[in-house]
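Let chain F serve as the given structure and place chains V and Y on it in line with the hints.
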Amino acid sequence: MLKIKKCDLAALFARISENNDLYLPVKTAGKTNFAAWDETADVDLDTLKTVKSPKDAFFPQSENLYTCNKQDGKTSITPEKLREEPFVLFGIRACDVRAIDVLDRVFLSDPVDSYYAARREHGIIVSYACHAPETSCFCKVFGIDAAAPEGDVVTWMVNGELYWDAKTEKGALLTAQIRDLLTDGDAAVVETEQAAIRAIVEKLPNSSLSLDGWGAEAAKTRFDSPVWEQLYKPCLACGTCTFVCPTCQCYDIKDYNTGSGVQRYRCWDSCMYSDFTMMAHGNNRTSQMQRFRQRFLHKLAYYPANNDGMFSCVGCGRCVDKCPSHLNIVKVIKAFEKEGV
Amino acid sequence: MEAMHECKYNPGFMRDTLIPMVGIITDIRTETPDVKTFRVNAPGGGKLFEHMPGQCAMVCVPGVGEAMFSITSSPTNKEYQEFSIKRCGVLTDHLHSMQVGDEIMVRGPYGNNFPVDTELKGKNLLFIAGGIGLAPLRSVINYCRDHRDDYGTIDILYGSRSADDLVQRKEIEAEWMNTPGVNVHLTIDRPQEGWDGHVGFVPSYLKELNFDTNKVALLCGPPIMIKFCLQGLMELGFSREQVYTTLELRMKCGIGKCGRCNIGTKYVCKDGPVFRFDQIDELPNEY
Amino acid sequence: MQELINRAKSLLESGEVSRVLGWRKGETDWDVEPAFFNSAEELSEFIYNGFCGANLSKYMIEASKLEGKTLVFLKPCDTYSFNQLCKEHRVDREKAYIIGVGCKGKLKIENIDAAGILEVRGAGYPDASEILTVKTLYGDREVSYKSAMLERCHVCKGKEHMVYDERMGESADTSDADRFAEVAKIEAMSPEEKFAFFQSELSKCIRCNACRNVCPACSCRKCVFDSTKFDSAQKANTTSFEEKMFHIIRAFHVAGRCTDCGECSRVCPQGIPLHLFNRKFIKDINALYGDYQAGADTDSKGPLTDFRLDDCEPSIVTKRG
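Chains as they are written, first to last, in this note's numbering: chain F, 1 to 341; chain V, 1 to 287; chain Y, 1 to 321.
What the hints contain is simulated information worked out from the structure, not anything from laboratory work.
Among the hints, erroneous ones may be present.
What the hints assert, rightly or not - Simulated pairs of lysine-lysine, DSBU-like, Cα-Cα distance not exceeding 35 Å: (1) Lys220/F <-> Lys25/Y; (2) Lys95/Y <-> Lys204/Y; (3) Lys338/F <-> Lys65/Y; (4) Lys204/Y <-> Lys185/Y; (5) Lys9/Y <-> Lys233/F; (6) Lys283/Y <-> Lys27/F; (7) Lys135/Y <-> Lys146/Y.
Same shape as in the complex, but just chain F:
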C-alpha cells in the first residue's frame, strides 16, 4: 500500500501524463465528466457519478472506423489507426469498472472488435473507492463492492491522502513510473475506511433489491407480462438512460461525407429510438412499450442468458438520477417484485 497527499495530486497527474494520456473526472460548466487532463483541468474527485460513464474511453460516443477515398475511379479504404499509445483512466468507480467487464463480453467475444480491443490493451484503469455512496446507488445488488473496486490500481482517499494499491502487472508498471512521488501507506487505514463505506452501503435504500425471477428464465416468463404496459407510459423515448448507462453498447454505423471522401463512423445508438429497428419494409418493434421492454429484458434476461448469468446492469443509478420521467431499472425490478410475475 502506497500513498500521496491530496495536495500533491497535481504533480501526480503531471507525472502520469508524461508517459500516458490521462483521463479523469473534470468539471466543465458545472457538470463532471471524464475528460483529458491538462494543467487547467478542474479535476473533480468529489462528484460520485460523472454524468456520462467512462465507457467513452473504450467505446467512444462517436469514432471513425475507416475512410473511403475515390481517385481515378478507384476507391481505397483506409482503416482508422488503432490505439497504440498507453492511457490512464483515473478515478473510475467500482460500478463503472464492472461495466467494462460487461462491455468486454460483447466487444472481445468472437469476432473481436479491434478498435475496442486496442483501447483495452493500452488502457490502464486506476479505480477509486466510493467514499460517499448516494441514494440511487445499488451496486451491491450485483455483488460489487464500492469499497474495493477492481482495476489495475485501486485508490482510496482517506484523511487528505490518496492510498494507492497496484493490483496487476499494468498497475505495477504505472506505479514504477511514479514511485518516487509515493510514500508507504498503512493498509489498516484503508481497511477502516472500507468498513465505513460498507456500513453506508448497507443502509442504502436499494441495496437489498431482489433480482429473483430475473436472469435467463425471465426472457420467457416476463416477456408477455402486463406490467410493461403499465410501466412504459411516461417514457419520452429519449435516449438519456442509454447514453448515461455504463453498459449500454448498441451502436449505429453511419457515413459522413467530408467532401473529399466518406468517413464511415460508428456512434452510440439507443434501442429507445423508433428508427432503431426500422427497415425498408417495416419495423419489428413498433411501440414504445416494445422498445422499453427490450432495454430492460436485454439487461436483466437476454444478456445474462448469454453470459453465464452476469447482468448487464451494474447498479450505478445514473438512469435513476437522469430519466426525465423518473423511470428506471429499479422501478422495473420493483414493479415485477410487487406483481410477483
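For chains V and Y alone, kept in the frame of chain F given last:
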C-alpha cells in the same frame, strides 16, 4: 497482409470485420421490374470471400448506406458471387442505378447457413419461396444440384405476384427443371395472358400438391406467406423441427454487437438468419 | 392533495372523464412520474407535491386520440403549453377536462444534492416551506426551498391559469428574478466570450434528445433530426459544430411558439441552460414585434407567422449585430 497490430485480446489481427472490401460489379441482370441480380468479383477476378448457402453479406455504397443481403449464388460457383436485390429503399434505389464496372463495397460472410452438410444431407428437400424470398434459397438449391447425390428428391415450390415477378426464371426453366430428381412447381397470384402454369397463392398450391412428410422444408418469403405456408405444412403433418426459414431484421454490424437485430437471446445477424421453426418458437414474438 | 384525488375519483365515477392524467408516486419523494390513471383504485398512487415539475400538456397529444375525455392536471405554466398545442391543432380542447392546480414552485432534486448533500431520502417536502429539512445517511441537513427550486420558478410567468375547467389548490408567488436578466448578461458579452460560453455549455451535450422529446413545442410527427434521408440525423456528436446545429436549429424551430415552460432545461442530463436560447428569441420577438407570450391565448397570431405592414425589416438583425 501483415498483422497490423499485436493485441492480447485480438491475436493475429489482420483487418476488422467491420471494414469492407472493394468489389466490382461484373454483371447486372434485370430479373423483374424491381429486382436485379448483381454479380460481384474481386478487383483481380475471383470471389471476395467464401461463404455457405444462406449466409449474408453487407453491401455498401459509401455515402449512401449499407445493408445486409443474402448471397444468392451457391458456394459451388467458384468464379463470382451474386446478390438479387429488390428496390425498396435508399440504398437499393442507388444500387439499381449502378452499372457494370462500378465498384461496390462488400463485407462478410455473416451469420449461419442452412445445414446442407449435416441435417439436410441425405434428405428429401422441399423449397418453398415467394417473390424475392427465392434469393437465399437459390444458393441452397444450386448447392444441392451441384452435390446432387447427397440429397433425395428436391421439390421447389415458387410463386410470385405475376409471371414478370418470378426471379431467376431463366435459370429455373433452363437448368432446375432439367435436373434429374428436381421437380419445380411455379405459381402466380392471378391469371395472366401467356401463363399456362398454376395460378393461386403459394400456401394453397402447397396444400394442393399434398407433399408427403418424408422431407425437410425450407421456407422463405413475405411474412404473410410464411405464416400460411407453415400452417399448411403443419396440416400436411410436418413437425416444426422439419421446417427451416430465415429471419430478416435491421442490421448494422453483422457480428452480434450493435444490438439492432437482437430478439430474445439471439442476434439474427450472427445466430441466424437461418432458424428452424422450433427454434423460432423459443424466441419472443418480436420478429 | 386528497381533494385532488377525490375530485378525480368523482369525475371518473360520473363518467365525465375516461381517465386521469397526473403524477404517480415513485420510490422516493422526488421520483414522481407522469401517469395515466384509469380507475379510482389506481388513483391511490396519485401524488401532487413539489417534485411534480413535469409538464403534462404534451401527453395530451396522445390522450386526444383516445376515446372520451381525459382529466388533466395543469399547473399555471403548463396551461400556456396546452393553449399553444391547441392553437397548433395538436391537442383537442374538447378531449380535455382541465383542473388548474395551484403551484408554490417546483423543486429539482439535483439542486438539493448540489447543496452538498450526497444522500437524500425520507424527507417530506412540504410545498413552499421556507426551509426543507433533508434526512440523509450523513445526518439531517437544511436547504432553503427557494434554492432548491427549478430555474423557471424564479422567473415565474404568474400563477394564473390560461385555460381550465376548474381550479383547485393554492399558489404562492415564487418569482424573484428578472426573466431576461441572464439573456441580457450574455448579450453584453463580447463575441469571443459568448462563443466560449456556449461552447463550454454545449460541449456537454450527449445528443440524447431529452430536450426535444419533452418539449411541447417539438410536436412534429417526424423530426428533421430523425430523418434518414439526409445527414441531419447525425446521432453522433462528431464535432462540436453538430451539437450547436442541433440546438440552434431547434431554437429557431420553436421560436414564436415556445412558451418558456423550461422543460428542456429541467430534463437535460448535463444541466445545459437550454432555455437561454429560447428566451433570447422571446426577448427579441418582444422587442421587434411587441410583447408576446405564446400560449397566453388560442386565437392570436404568432409574431413569426403573421405579416403586418409595420413589421420590422429583416435588415434590422444585421444592423443590431
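Against the structure shown, which of the earlier numbered hints fail to hold, in ascending order? Going through the list in order, the structure violates hint 2 alone and respects the others.
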